[in-house]
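Student: These protein sequence lines map, in sequence, to chains A and B. Just so we're aligned, residue 1 is where the first sequence starts under my numbering, counting upward by one. Just so we're aligned, residue 1 is where the second sequence starts under my numbering, counting upward by one.
If you are wondering where the hints come from, they were derived from the structure by calculation, not from laboratory data. Keep in mind that the hints are not guaranteed to be accurate.
[Stated by the list, open to error] Label pairs and their calculated CB-CB ranges:
1. T229/A to E77/B: 19 to 27 Å
2. D96/A to G111/B: 28 to 36 Å
3. G202/A to E77/B: 47 to 55 Å
4. E82/B to L8/A: 41 to 49 Å
5. N269/B to S59/A: 57 to 65 Å
6. A216/B to E199/A: 26 to 34 Å
7. A273/A to D81/B: 46 to 54 Å
Ideal Cβ placement from N, Cα and C applies to all residues, glycine included.
Protein chains: 2
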Amino acid sequence: MLTQEGCLKRRARLWAALPDSVEWVLISNPRHVKYFSNIWVNPVSFSAGQSVWLHMERSGKVTALADNFTLKSLSGEAYVDETISEVWYDGKNSVDNRDYKQATALKKHFGILDFSSGAIEGDSLPVAALETVTGDCDVNIKLGDVIKFLRRKKEADEVAHLRTCMEVCEAGHRAALDFVRPGVTEMAVYRNVHAAVLEQAGRPCVVYGDFRATNAYLPKAGGLPVDYTLQEGDLYILDYSVILDGYRSDFTNTIAVGEPSDDQRALMNACIASLEAGEKALKAEVACKTIFDICSDTMIQKGFEALPSHAGHGLGLEHPEPPAIVSESTDTLLVGDVVTLEPGNYIQGIGGVRIERNYQITETGSENLSHHKIALQ
Amino acid sequence: MLTQEGCLKRRARLWAALPDSVEWVLISNPRHVKYFSNIWVNPVSFSAGQSVWLHMERSGKVTALADNFTLKSLSGEAYVDETISEVWYDGKNSVDNRDYKQATALKKHFGILDFSSGAIEGDSLPVAALETVTGDCDVNIKLGDVIKFLRRKKEADEVAHLRTCMEVCEAGHRAALDFVRPGVTEMAVYRNVHAAVLEQAGRPCVVYGDFRATNAYLPKAGGLPVDYTLQEGDLYILDYSVILDGYRSDFTNTIAVGEPSDDQRALMNACIASLEAGEKALKAEVACKTIFDICSDTMIQKGFEALPSHAGHGLGLEHPEPPAIVSESTDTLLVGDVVTLEPGNYIQGIGGVRIERNYQITETGSENLSHHKIALQ
Chain A
1 MLTQEGCLKR
11 RARLWAALPD
21 SVEWVLISNP
31 RHVKYFSNIW
41 VNPVSFSAGQ
51 SVWLHMERSG
61 KVTALADNFT
71 LKSLSGEAYV
81 DETISEVWYD
91 GKNSVDNRDY
101 KQATALKKHF
111 GILDFSSGAI
121 EGDSLPVAAL
131 ETVTGDCDVN
141 IKLGDVIKFL
151 RRKKEADEVA
161 HLRTCMEVCE
171 AGHRAALDFV
181 RPGVTEMAVY
191 RNVHAAVLEQ
201 AGRPCVVYGD
211 FRATNAYLPK
221 AGGLPVDYTL
231 QEGDLYILDY
241 SVILDGYRSD
251 FTNTIAVGEP
261 SDDQRALMNA
271 CIASLEAGEK
281 ALKAEVACKT
291 IFDICSDTMI
301 QKGFEALPSH
311 AGHGLGLEHP
321 EPPAIVSEST
331 DTLLVGDVVT
341 LEPGNYIQGI
351 GGVRIERNYQ
361 ITETGSENLS
371 HHKIALQ
Chain B
1 MLTQEGCLKR
11 RARLWAALPD
21 SVEWVLISNP
31 RHVKYFSNIW
41 VNPVSFSAGQ
51 SVWLHMERSG
61 KVTALADNFT
71 LKSLSGEAYV
81 DETISEVWYD
91 GKNSVDNRDY
101 KQATALKKHF
111 GILDFSSGAI
121 EGDSLPVAAL
131 ETVTGDCDVN
141 IKLGDVIKFL
151 RRKKEADEVA
161 HLRTCMEVCE
171 AGHRAALDFV
181 RPGVTEMAVY
191 RNVHAAVLEQ
201 AGRPCVVYGD
211 FRATNAYLPK
221 AGGLPVDYTL
231 QEGDLYILDY
241 SVILDGYRSD
251 FTNTIAVGEP
261 SDDQRALMNA
271 CIASLEAGEK
281 ALKAEVACKT
291 IFDICSDTMI
301 QKGFEALPSH
311 AGHGLGLEHP
321 EPPAIVSEST
331 DTLLVGDVVT
341 LEPGNYIQGI
351 GGVRIERNYQ
361 ITETGSENLS
371 HHKIALQ
């Protein structure tokens, strides 16, 4: 859960980043509603896909706008000054279109908003909201972009929450190391990991990622499990995330199905060397391209090809988030970034190996946030 | 999964429902994108929360608009003529704001759209899309409302898919009947149901609903499990849904924790009588208020209070959907409606009981789509 203190800090950073002429903002991207108020419509609920908007004023006041039914499905406390709820469904009367209710609440409560003193998220605010706005609708004010950049610096409450996601994710990795063996299906591994996650989390959550076997003939495979039974000699890449209230973990281990070959061990060792080299270089103000090159060059030094995809990426409310730790990256690491490093290689005749840890970037280096066992067995 | 044939039928019904002057529509509500094209961004994926838009022409052509990364996370085949994909993340370069990509794709491919010959979903289309539109932006054309009404009549592919959701949901109910006993926690029941659902479904899905115990002192409780251990004499209301590709089941049983009391049995029998009475009356053209009254009056005849909440509601891509089977309903049952009936009562000194089945409405009556065991033990 985010804290009220954290929400206040993030709002202060937003106002500091916006021109003084902006006196109000309308937040409609669900991730940003969470970011500033802790309001998150639980995707494991009957209101999955519905949204709440925030009207935030520079003076400090924050108002949530929603339909009454969606408000039943929030996960956690709402840090707002007021909630304007339009009745959609009361269990007694027929319903009309729920998706206009936020705009109706906005109009009733605030009347006509003067656009010249405010800003909207043009990438998510529905057109219906414009009924309540006067003045030039300048869709070039990219409020969403401003907030997405702010999101890179994770505050203490966000990191604490990410740690919870990671502890839960670690439980699934432990379960998989015990469970993966010849004869079980990819889906059975998913079920096993999911059960361990639910037990550790103590509440429903979303579990997604790569739950696929690779091998000498199919060295690259990703995504949710398919109808395949693990065979001796396969390498099972478990690269998965646990989402709790929008925030997520994202780390990887590769598990040998049966006894790994010497080539498979060598590939795992190269990935470990690549991860450790990249890890040592993580520090604020370092170019992400440099981190990529270090990870990739280490793979080459260990006798394998350059990294075929990214070396890592930012992590938080979205997957992936900036910064991109890639070959042509123009990003630079910042204090507060939470990133993943995930070197991997996928080789005909051997199979695929990828490993991954999550880190927070500090002024002097990084802190490892994920503590699962990285090992073929 | 929806079928191409079903998508074509639904599009034909949309065009028939719109004025001839409307030559194109822009679909942005994710449920409606699914409805017309089978495109569904899997919520159990790294693209959860991202969206794809559809540009549909009266001539028949359908174009999907998306960022390249979201297209990796579709569950099932896309029935469109063309997909315009804007590169957001390629694993080699830094990223910008993903949430403008559909609007960018729209503008590049279609140039400026003439609003006087088209319609948008004002309740979901982001303001950013207006850059590509000229002419009066009449937010009173409520395309979303038109489609929401069309959704009431479920086509054969939708019903086939709903049956799959229901078979999966039945597996969870069977598991719960075996598992619920004094000493297990509400969360353990959720875990047990979830495991049975995953095994039956053979793929990841979303499991939400009411997983709560009630009793003589707390006869009404709903929502996801809390930290509570079931006690002898409790009544566990399992009212839950399985979502596969946006469509969902929704049915209920109430399970006695230990041996039920005579009062609890009487309450269950009253609910069964209420359900059966309502069920017999289900038929196209019957007023939903009539169905409510029949269910509620039966509860009274059996010696209990009138229904304290709805008797049921529509079911499909949303929860709830019209029609509302409530005391003041102005809705009438239509051929093709899929509805739930869920009489329940929550009584101090006894506890809460609710049961529920799902039906499709036909011209002559209804067909029961859910086949779980309704019983206290």
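Student: Go ahead and decide if the range 26 to 34 Å is satisfied by the Cβ distance of A216/B to E199/A.
Tutor: The hinted range 26 to 34 Å holds for A216/B and E199/A, with Cβ atoms some 30 Å apart.
Student: Taking the CB of T229/A and the CB of E77/B, does the distance hold inside 19 to 27 Å?
Tutor: Roughly 25 Å apart at Cβ, these two residues keep to the hinted range, so it holds.
Student: Falls inside 28 to 36 Å, the C-beta gap from D96/A to G111/B?
Tutor: Because 35 Å falls inside the window, the suggested range holds.
Student: Is 41 to 49 Å right for how far apart the beta carbons of E82/B and L8/A are?
Tutor: 47 Å, holds
Student: Holds or violated: the 46 to 54 Å window for the beta-carbon distance between A273/A and D81/B?
Tutor: 49 Å, holds
Student: Using the beta carbons of N269/B and S59/A, state whether their distance is inside 57 to 65 Å or not.
Tutor: Given range 57 to 65 Å: holds, Cβ gap about 59 Å.
Student: A range of 47 to 55 Å was offered for this pair. Does it hold for the Cβ distance of G202/A and E77/B?
Tutor: For G202/A and E77/B the Cβ distance comes to about 38 Å; the hint is violated.
When held up to the earlier numbered hints, the structure conflicts with hint 3 and nothing else.
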